[in-house]
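Engineer: Heads up: the protein sequence lines correspond to chains Z and H, in order.
Residues 18 to 193 in my numbering are what the first sequence lists, from first letter to last.
Residues -15 to 321 in my numbering are what the second sequence lists, from first letter to last.
Honestly, the hints are just simulated from the structure, not real lab data.
Check the hints yourself; a few may be wrong.
Derived, one-sided and incomplete: chain H residues facing chain Z with beta-carbon distance under 7 angstroms [said to hold, decoys possible]:
| hint | residue |
| --- | --- |
| 1 | ASP33 |
| 2 | SER83 |
| 3 | SER219 |
Residues of chain Z clear of chain H, computed beta-carbon distances all greater than 10 angstroms [said to hold, decoys possible]:
| hint | residue |
| --- | --- |
| 4 | GLU121 |
| 5 | ARG125 |
| 6 | TYR133 |
| 7 | GLU156 |
| 8 | ARG158 |
Listed next, the stretches of chain Z that the computed footprint assigns to chain H, with coverage defined by at least 3 CB atoms under 8 angstroms from CB atoms of chain H [unchecked claim]:
| hint | region |
| --- | --- |
| 9 | 69 to 77 |
| 10 | 140 to 150 |
Beta carbons: idealized from backbone N, C-alpha and C, even for Gly.
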Amino acid sequence: MKQATSPAGVERQDACPTRLTINGEIVELAIPPWTSLLDLLRERLALTGTKKGCDHGQCGACTVLIDGRRINSCLKLAVTLDGTEITTIEGLAGVDGSLHPLQEAFIRHDGFQCGYCTPGQICSAQGLLNEAQATTRAEIREHMSGNICRCGAYPNIVDAIEDVIHKRNSDPRMPE
Amino acid sequence: MNRFDYRRPSTLAEALSLATDPAVRYLAGGTNLIDLMKEDVERPLSLVDVNHLPLGNIEDTVEGGLKIGALVPNADLARAARITQRYPLLSSALLAGASPQLRNAATTGGNLLQRTRCYYFYDVATPCNKREPGSGCQAIGGLTRQHAILGASEHCIATHPSDMCVALAALQAVVHVESARGSRTIAFEDFHRLPGDTPERDSNLEPGELVTAVELPAESFDIHYSYLKLRDRQSYAFALVSVAAALRLEDGIVAEARLALGGVAHKPWRDREAEKQVLGQAPGREAFGRVADTILAGARGQGDNDFKIPLARRAIVRALDQAARAAPQRQVEKRIS
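Make a model of the complete structure from these sequences and hints.
Structural biologist: In C-alpha cells, the structure reads:
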C-alpha cells in the first residue's frame, strides 16, 4: 500500500487518529484520509440513516450537521473534521425515542413518499432553522433547493418546515 | 479515489513548505476537489489541509475596501453585514450559486479555483485537452449547451462555473497569493485565463501558490447593481448566462459602468471598451443594447449553445436596466422585472 513517490520525503499515513463527537458521543478512530464522512458514518459506524444518493454533492440525501451547519457529508473527508460535533438523523430524536419536531411535522404533513431523501431533508431543514434566514414559503423553497426529492413531495416538505418555523418549537437539543 | 498523503499544517509557512511538488493540492472546503478526486480527474499525491490556517477573517483596508480571508465560507461571506450593506452585488452573486450546504462548506479561495463542469472534462473515458493536454476535445461537435460563446479556442470550449467570480470581476477585486518564494497580488482580470493552447491552466496561479485573500476596492456600487443569472432550473444549477452589472450615475448620466458575464467563457468575461461606450449617456435600453452588441460582436456558438448569444444580449440589457433603476434581481423571488 505504501507509495514510493510520496512528495517531500513524507511517508504516507494510511490512517489518521481522529476525534469526533457524533450525536453527542465521543468517537476516537484511526481513519484513512480518503474516507468521506458519509462512508465513515454508514460503513464503519453503522449510522445508515444518512443516505448515499449521488455521492457528488448534487442531491442532498447525505446532509448532516457539523457544529450546527448543514453540509453534504459525501464531499467531506472525515479526517478533516477532527474535533467537530456531527449530528445525523439518528441524533435528532430524544433519548426517550420522542420524535424531533421536524420529524413529527414531516409525518403530519406527509412530507415524503419513498423516504430515501427524508433524512437529508430533515437535517437540511434543521440547518435552515439554525441559519434563521427563511420564513416565507418562497424563502423555504429556495433555502431547501440543495435537497432533491425524486418523488416530488416538495409541497408537503415545505408545509412541514413552515409549520415548525411558525410554531418556533425547534428542539433545544440541536446545536445553534 | 486514489491513495494520498494527508497533512494538516497550523501555520501558513508550514503549509507553503509542504506544497512544493506539483502533485500536491491544497484542501479547503473540498466541494469541488473531493468530487474531482472521486471521478479520478484529480489524483493528488498529497493533500495539504489548509482549514486550520488563520485566513478566516474579513478586515477593513486602509484604502476603504475589504480584505476577505481565503477561508471565509461562501455562506458567511454572503451574509456578512459589511458585504450585504456595502457590496450587495457580491452577496447576491454568492446566493445565486450552489446550495446552502455547498455554500457552508465552500470557501472564498476555493471558489476562485473551482474547475469547469464540462461533461467531457469530468468523463475520464473521453479525451479532454484540459484534463490531458494534447488528447483532443470531445466537447467541440458534441453536447455544447453549457459551453462558451466568447474567447474559446480550437482546443477547449469550457466555461468557468463560478457566480462569485463574476461579481468579483465587476468589482475589480485583487487576489492575494503566497508561496514559499514570497507573496504577490493579481488583478482579478488577470487571475483566470482564456484556454488558448494551454487549457490545462485555468488560472495564472503558479505551482505551490496559495490564495490567501481577496481584496475589494472602496468603490462598492451599493445602489446601482444587479446580478442576473439564467439557468435551466431556477435554483441549484450552473448559469447558462449570468450578468453582474454595476453603474455609478451622476445627475442621471452614467459616470461609470462595470459589466461581467458568467457562463459564456473560460473566465468571467469583461469588455472595457464596451463599458466605456455607455459613459456620459442617459441609461436606457438603446444605449445598453449597443453595449451588448459590442460585447457579443465576436461571439460564436457551438450548435447546442447558439441560443446563448441572443440570451446574453437580453440578459445584459436587462441587468443594466435593473442596475440603473436600483431594482436588483432578487435571488429568492425569481421573477425578472
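Engineer: Could you run down the list of hints and mark each one as holding or not?
Structural biologist: Outcome of the hint check:
Annotation: H/ASP33 was flagged as interfacial toward chain Z, and the flag holds, the nearest CB pair being 5 angstroms apart, inside 7 angstroms. Satisfaction of the interface hint for H/SER83 is found here, the shortest Cβ-Cβ separation to chain Z being roughly 3 angstroms, below the 7 angstroms cut-off. Contact between H/SER219 and chain Z, as hinted, is supported at the beta carbon level, the nearest pair being about 4 angstroms apart and thus within 7 angstroms. Consistency note on Z/GLU121: stated as away from chain H, and its beta-carbon is indeed over 10 angstroms from all of that chain's, at 23 angstroms minimum.
Taking the minimum C-beta to C-beta distance to chain H, about 24 angstroms, the non-interface status of Z/ARG125 holds against the 10 angstroms cut. Z/TYR133, annotated as away from the interface, keeps every beta carbon of chain H farther than 10 angstroms; the closest lies near 17 angstroms. Listed as outside the interface, Z/GLU156 is inconsistent with that label: its C-beta sits roughly 5 angstroms from the nearest C-beta of chain H, within the 10 angstroms cut-off. Consistency note on Z/ARG158: stated as away from chain H, yet its beta-carbon is not over 10 angstroms from all of that chain's, at 8 angstroms minimum.
Here's how the region 69 to 77 of chain Z fares: 4 of its residues keep a CB closer than 8 angstroms to some CB of chain H, so the rule of at least three is met and the hint holds. Counting residues of the region 140 to 150 of chain Z whose C-beta lies closer than 8 angstroms to any C-beta of chain H gives 5; at least three are required, and the coverage claim holds.
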